[in-house]
Each structure stands twice: as structure tokens, then as C-alpha cells.
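Using the sequences plus the hints, can you model the full thing?
One letter stands for each residue in the lines below.
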Amino acid sequence: MAKLVIMGGGVAGHTTATFAKKWLGNGHEVVVVTPNSQWNWIPSNIWVGVGQMEKSEVTFPLAPVYEKAGIVYKQALATTIHPEGREGDDTPFIVIKSTEEGANGETEELTYDYLVNATGPKLNFDATPGLGNGQGQMGDKTVSVCTAEHAVHANEELTKVFEKAKAGERQKILVGTGHGTCTCQGAAFEYIFNIEHEAKKAGVRDMLDIKWISNEAFLGDFGMGGLHMKVGGYTVSSKIFAESLYAERDVEWIIGAHTSKVEEGKIEYELLDGTMHEEEFDFAMLIPPFSGVGFKAYAKDGADITDKLFMPNGFMIVDAKYDAGAYENWKASDWPETYQNPSFGNIFAAGIAFAPPHLISKPMTSPNGTAINPTPPRTGMPAGIIGKAVAHSVCDMIKKGDDVELHKASMAEMGAACVASAGKGVLNGTAAAMTVYPVVPDFEKYPGTGRDTKYTFGEIGLAGHWIKHILHHMFIWKAKLKPGWTLIPE
Amino acid sequence: MVKEELNFAKSDDFNLTMLPGKFAKAMRTCKIWQLFRFMVINVKMLIVVSKSH
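Heads up: the sequence lines are chains A and B, in that order.
Per this note's numbering: the first sequence = residues -7 to 482.
Per this note's numbering: the second sequence = residues 128 to 180.
Please note that a few of the clues may not be correct.
[What the hints assert, rightly or not] Only part of the chain A face toward chain B is listed, based on derived beta-carbon distances under 10 Å:
# : residue
1 : Glu240
2 : Glu405
3 : Met406
4 : Asn420
5 : Leu454
6 : Trp458
7 : Ile462
Note that these hints are calculated values from the structure, not bench results.
Quantities reported herein were computed from a predicted structural model and do not represent experimental measurements.
Every residue, glycine too, gets a C-beta built ideally from N, C-alpha and C.
Next up, the structure:
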């Protein structure tokens, strides 16, 4: 009997675990280690953040789902990896620390035959002074929608702002990225337009100054170097698409910005030209930068081998080309296909936990040497597809042997769908529905735009809004492993 | 006065982009047109999904 241990129970980890268990059956053991007791459909946190959904509508307890599936569930935080085992015993293991009520802090050694790192990111609030509380958590000056709890808090603060606006007090709202190297601009993009929509509904739009701040070099970069889409017979840049959307909704923007400091009601930021500025706010939702969760890895003799498994930013080393060099040399083939660690063949990474070879957007640095560029997005659809491919590979290795051909899921051959809502009502909301294919542009295959413009498109309307609703219910249905869950694509 | 064009004057950034007119805005919430677009977007998304696996 082989034992597969998956660290993380988000989109990538949950997908890996559930498919691996389905394909392996009861002859092998699948274990999920995650510090969270709840699964969270993160895209809908946006609606929680504007009071249009309850936290209970975007989360559900993991334990009953894993019990039904026959997956062993450990509510714990993985801390160290020992891929060579220990002196006298070659069995690899990880050390986990319980986060379960009553057993909080108890440690345990968990052996494995195969290990998948799908932890997702560490929300690195403390990278920006004042954005964090100095202890790794979100500070008290801004809000976030990265977790369901954060979104509930964001809505409480937003409600206060709306009440002040109703009382005739003009309010400044700032939404965007809290550091020069953030990713996930899409979440902030969706949040700002939901705030704008709710403000109109509440009759306070005229009392709000809503502003976007982002590390993107141009609006519509989205961490993917932007995209091109066909509109009205033209092929146009997402810059035009995004700028039009902001201008139509009277949302001003600051771009190419590194938020360097957060104070009470004020941020300091540096622009790509090296100049420093300040922006005041009454309410700010700033996405933190991501890093790896900070695992340590040790050899049999206790030597620190973290650098064999992880890049300095904490993300796991996989089969990517990390020495591609300057931007001009970047190729689609630099991107990983199997997500296997080159030093330890029984260790994989899935979702945001893998270290990308380089940015997708063009690297930008201010004259002061500050990097101001979005890091590559790898959440949502790519995370699910990678998780499934990794599950396929591990199952084949268990059933057919370690030299089997691994399954591939390169982000340079994978598309992504993104639906950014504005409002939640079925008949009065609109959404920007976008697909991009492939996520990582391939200029050898698609000279010009780097992407297939037949399948890279964006449009605004009710249709996208309906799709957003359907995706919400469909993915929660799938994650709960309800009848037909395998038919729903990642 | 064309209401849809007022935002062009609000900032230099706004002045340099495009804004939807009455027709484009109406089509975004026209249920018949959006039902058609719903089908088109779904088909495109399914193709993207199938090409990605």
C-alpha cells in the first residue's frame, strides 16, 4: 500500500486529493494536511466583501467530505520536510503541527511515499510596513478579501464608509495592490467594481472617490503581460478594455506603483519613474504579496537542504527552466510541465506553491532599484488543472512504477477563464468575462500577440454575470464531491 | 449633451480611452442578446477547458 500525502486543501490540493483517491481506491492511502477546517471558494469572497453573500455560502467543513471520500484528514500545519528520512530509516516524512481545537500545537511525524506541496501562498502582509501587524497577519489599517474571514471584515468596514457617505461625509476608497510584486490583480479588479456597483445601489456613489492602485505597468496587465482580444473587427489590447471600464465607471487609476508604507488613512508609494507619492483613504483594500509558506527541509544527517526543494521566495523548485536569463530570452518552454521536484522524484508541487521560472509580465524596476511588476497568477483554473495532472502522475507511478511517463500541464499550453462580476443580482449585474489561451504567451506558436485570439476574448454583460453565478454553485458542488462531480471540469 | 461621453472630460487618462455608447450599454443587459452571448461564451470556455487538459 502506497501513501500519498498532500499538503494543502485549497483548489490544487483538494483536486489532487479527490482525484487521487478516486483513481487509487482503497488499496492506497491518501492524506490531506491543511490547517484550515473549512474549504473556501475564494472567487466568491468578493461578494462576501460587499455584503452580498454570507461566509457560510462560500465555505464548508472539509472533514465530512474527506470522510465520505475515504481520505485521511489532518487539520494541521506542515512545518518541515525530511525527504531522505532519518539515520537508520530511509522512509521520508514531514512534521506537522495540529491546529485542531483541543490538540492545538501537538506535533506529529507523518511518513509518505509521495508528497504533493499544494499549500497555496503565504499572505505576506509584513512585506509592506503597516500592511501587516508585524506578526505575519493583516494589519488594522487596511482590509483584504483573500480569505472568507478577511472578506467579512472588509464588508463591515465598507458598511461604515457607506453610512458616513449617506450622512453626507465624502469618502475616499482605494483598492489594489499593497506591494510592488503582488499578483491576483483580478481579485482587486473585481472588488473595486463590486464596491462601485453597491455604492450606486445604496445611492452614495456621488459621495465616493474610488481609486485603483496597482503594480501593473499598464491597466489590464493582470500579471500576464496583458492580452489581446477581438472587438468590433479590431484586435485590441486589454489596456484599452480595462481603461474603458474604469473611465466608464469614473474610477481613477494609479499604475506602476509600489506601495512602500501604510499608515492610518494614508499610503506612501513609489512609481516606476522613481518618484514618491502619498494617497489618503478612508477605506483601502490592498492585496498583499505572496510568498511560499516557509518550509524547511532536512537531509538524513540533519543538514539543511531547503535550497534543494525551494527557491529563496519559498516556492517549490519543479521542472522549470530557472536560468532563462533576460526577458528577451524567455520562452514558453521555460514553464514547467510535470511539476516534479528535480532532486526528489516523489515530490511534486501544484497550484501557486510551485516556483515559476520568471515573470510573465515584462520586468520593471524603478531608478531606485525597486522591482515594480506583477508576479505570475497561477490560481483558479490553472491550479485545478495542475492538481489533476499531478494526481494522474502520482497514481500512474504508484500503479505502474516510478519510471512511467508523467502527465503534463504547462501553463504555456493551458487556458484560463476569468469572470469579474460587478454586482450580484441575476438581472441587474454585469460582469467582464474573459478567457485567455494560453496563460503564458507563446510567441513562437502565435507570433504577434503570443496567444490564440480565437480563444482569448473579453466582453461585458449579463451573460458573464450568469456564468459567474453558475461557476459559484458548480465548483462548490464539485468540491463537496456531490453526484457527477468528476464531470465538472477544473 | 451625450451623457455617455461626459466622463471623457473628467481626467486626462479618461480622455484617452474609449467609452461605450447607449447601444453598447443597452446590449449588455438585453436579455435576448445576452442569452445568445451566454451560449457563445460557454462554448468558447468549454473549448479552452478542453484544450487545456
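Run through the hints listed earlier and report the numbers of any the structure violates, in increasing order.
Failing hints: none at all.
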